[in-house]
Amino acid sequence: MSEASPVKAYALHLGVVGLLFVLSFLLPEYYHGLLARIMVLAVFAMGYNMLFGYVGLLSLGHAMFFAAGLYGAGLAVIQLGWSVPAAFAAGLACGVVVSLVIGLLALRTTGVAFMIVTMMFAQVFYLLILYFATWTGGDQGMVVPQPARVLSFGATSLELTNPTVRYMTALALFSIVLLVTLAIVRSRYGRVLVAIRENEERTKMLGYDTFSNKLAAVVISGIICAASGAAYALLFGYVGSSFASVQYSILPLLWVLLGGAATTLGPLIGTLFMYYVIDITSGYTSAYLLIVGIALILLVLFFPKGILGSIRQRWLGWLP
Amino acid sequence: MTDKNGFFDLSRSTLTRRTALKGLAAGAGLGLAPGFVRYSQAQSSAPIKIGFQSHRTGIGAAYGRWYEKTTAAAVKAINAAGGINGRQVEVIIEDDGTDPGRGAEVVGKFATQHKTDIVFGTLFSHVVIGSAPAAGENKMPYFVVSEGHHVASTKLNRYVFQPGITDVKSQIQSMAPWIAANAGKKVTQIFPDFAFGYDHRDYLPPALKAQGGEVIAQIAIPPTESSFTKYFPQIPAETEVIYHVMVGPAVLTFVKELGEFYGSNRPQLFGFIDSLEATDINSPGLEFLDGSHFWEGSPRYAQADDSEAQKAYRAAVGIDDNGAAVGDPKDVSTAAHMFGCWETLYVVKKAMEDAGYKGPEDRAKLVEATEALTEFAEGPEHPQGPKTFNGKIHQCFGIQNISKIEGGKLKVVHKTKIEDGLYEAEGDYTTQAL
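Here the protein sequences come in this chain order: B and Y. Residue 66 in UniProt numbering sits at position 66 of the first sequence, and the numbers go up by one each step. Residue 422 in UniProt numbering sits at position 422 of the second sequence, and the numbers go up by one each step.
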């Protein structure tokens, strides 16, 4: 893999952000709304990719980080009446706490054990949401009231339920996370993470504290996923336990595998692809998950590194 | 019509070249405005589009299939009788996977892509709650058939209605007088440890207390549990009635193990048929339920005193006397709930006619017209029974059935009154802006 010049890499990413901005004015109403949701969930996938793609740690429990942000922000509004920025910050804080604790415990394991431990912690998190149903709404979940979903700047206020505001807010979050991710993976720290993925023992031997670096990666990944969850609660107005279920731990894995692990834009491509395949095929058959499954098998057979991963391998070696 | 002195008297006008050109330009303008023409046609002859948010896949699939059948039968009957406001009804189905996230997307799809007039038909509570914000934001009337208390709690929004099926709070409250008078006054509840169970946990004790009864123990069983024997010793010995509302695939194991625990000397059993919807009551392992009682919204088995409307409804939907699909006795319906689809569509019809509904621009009028409804008489449009409707909480109230399992069939032994299920409103949707 050759290294892209900073200008080339940032130009590509800014170009993608610009394209998404322009699409806001071109897309039909339905796809406009759908893309806003996809961008928020692509952030979730980018958080997952940070750990899975760059550190090589396959987690099956990332739904708990997403749900930490979702419930952190949602409950702050519903139960405490906090404003949108404060609630978003609360969601991020929950993500930091949960990912730090889980990281400290789960990183004592590697490989299959790490998968199982993260899955079990996520299951505990899910059951805790059900157990404290009085506050969390249990399996039914809760609605974040529409009047509370307003972003105020002095005398100006923006309603997050407005499709344009929602799209632009989702785009802002997506862009920030995309550029931060790009900066991280291009940084010295990012290279250490890749080194850990490729050969942890050798990285240790070179004098790096791999545990601390991995823990930092778990926390960064957790914060990004929590940001996605918090944004989901505030932009779409629903907080529910299904987002903490194992399905939502597997989905970001699929999105990342589809788009290309360890590629900065892969999570967006994967989420976009999966969403559209489901959206289109479910209109024709109730067996749409079968079609999704076949699509996944074909991708694994012909694009084992995912869409962008394969493109990078075959044609564009400089893709970050 | 002729009006020689008025506007239409062309004989008195002189057609100049300028007016002729103006007329041609206006005509061409109209011709080049297909949107306008389509719009005019849409108001007069295009079908009313109903977006059906169906649980085709996921945990609600058995319900979803029967909700679709009932909906298709109701739409066929409505269209055969001239449609709504003279327009045929078209149903567009989208699968929500019984998932609240996808549910919200589907509501958005109906509003912005299919551009349906309303969205209808959702059952599972978490999908309703997850989809409600999208309905409110798109100002899309959202008619659910869920039986959850979420609509009546007034915690959703002004666009969400449940006019065709009673809510669980009302159902539980209606059961209490019969339980206390006929089954026993000391009740132990066994329920799943999630929201469906919590409704029963929270609403039965006060309702029973008002009837001189008492809930002496509440046993919550985690949703992940697959064996129940270890919970049964928690049932107090003085229990006169076990009130059970276990749902999901584990219900067969639950009943079997309860039978093994008690043998032939058991307390009275009372349950909600939700546990056994789409399940043959004569399945192996369910013998222990013989002689026990169940709540049913609408009876699964044909009853001797069924009204003509009930008979016609069953024939239209295609269920036999045992509540299974005609021609396939193993395909047991979700009869206790699915009537709600039929009745809801007739409420929509009535409200659209009252509102003079022409298209999506009249959605606010439709909301107000629905809120103005007060009662639905028993008959072909409401075969389950008469209902009242509280427009402030967007919820209907109706009769409930208590059925006993006798000879492998559910026989209705008691019908409650509408008043048994009434309760104080917890809020008022009509104060919210449209």
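Possibly wrong hints are sitting among the right ones.
[Claimed, not checked] Here are the in silico distance ranges between beta carbons for each label pair:
no., chain 1, residue 1, chain 2, residue 2, range
1, B, VAL124, Y, THR253, 21 to 27 Å
2, B, ASN162, Y, GLN303, 26 to 32 Å
3, B, GLN79, Y, THR253, 33 to 39 Å
4, Y, GLY427, B, GLY154, 31 to 37 Å
5, B, LEU27, Y, ALA217, 35 to 41 Å
6, Y, GLU90, B, VAL112, 48 to 54 Å
7, Y, GLY359, B, LEU100, 53 to 59 Å
8, Y, THR253, B, VAL112, 50 to 56 Å
9, B, MET120, Y, ALA302, 47 to 53 Å
10, B, MET120, Y, ALA81, 55 to 61 Å
11, B, ALA89, Y, ALA80, 54 to 60 Å
12, Y, PHE261, B, VAL194, 57 to 63 Å
[Said to hold, decoys possible] Only part of the chain Y face toward chain B is listed, based on derived beta-carbon distances under 7 Å:
no., residue
13, ASP95
14, HIS126
15, GLU137
16, ALA195
17, SER307
Since the hints were made in silico from the structure, they are not lab data. Just so it is clear, CB atoms sit at the ideal spot from N, CA and C, and this is done for glycine as well.
Hint-by-hint comparison with the structure:
| no. | hint | result |
| --- | --- | --- |
| 1 | VAL124(B) / THR253(Y): 21 to 27 Å | holds, 25 Å |
| 2 | ASN162(B) / GLN303(Y): 26 to 32 Å | violated, 53 Å |
| 3 | GLN79(B) / THR253(Y): 33 to 39 Å | holds, 37 Å |
| 4 | GLY427(Y) / GLY154(B): 31 to 37 Å | holds, 32 Å |
| 5 | LEU27(B) / ALA217(Y): 35 to 41 Å | violated, 57 Å |
| 6 | GLU90(Y) / VAL112(B): 48 to 54 Å | holds, 52 Å |
| 7 | GLY359(Y) / LEU100(B): 53 to 59 Å | holds, 54 Å |
| 8 | THR253(Y) / VAL112(B): 50 to 56 Å | violated, 31 Å |
| 9 | MET120(B) / ALA302(Y): 47 to 53 Å | holds, 50 Å |
| 10 | MET120(B) / ALA81(Y): 55 to 61 Å | holds, 57 Å |
| 11 | ALA89(B) / ALA80(Y): 54 to 60 Å | holds, 58 Å |
| 12 | PHE261(Y) / VAL194(B): 57 to 63 Å | holds, 59 Å |
| 13 | ASP95 | holds, 5 Å |
| 14 | HIS126 | holds, 5 Å |
| 15 | GLU137 | holds, 5 Å |
| 16 | ALA195 | holds, 4 Å |
| 17 | SER307 | violated, 35 Å |
Hint compliance for this structure: hints 2, 5, 8 and 17 are not met, and every other hint is.
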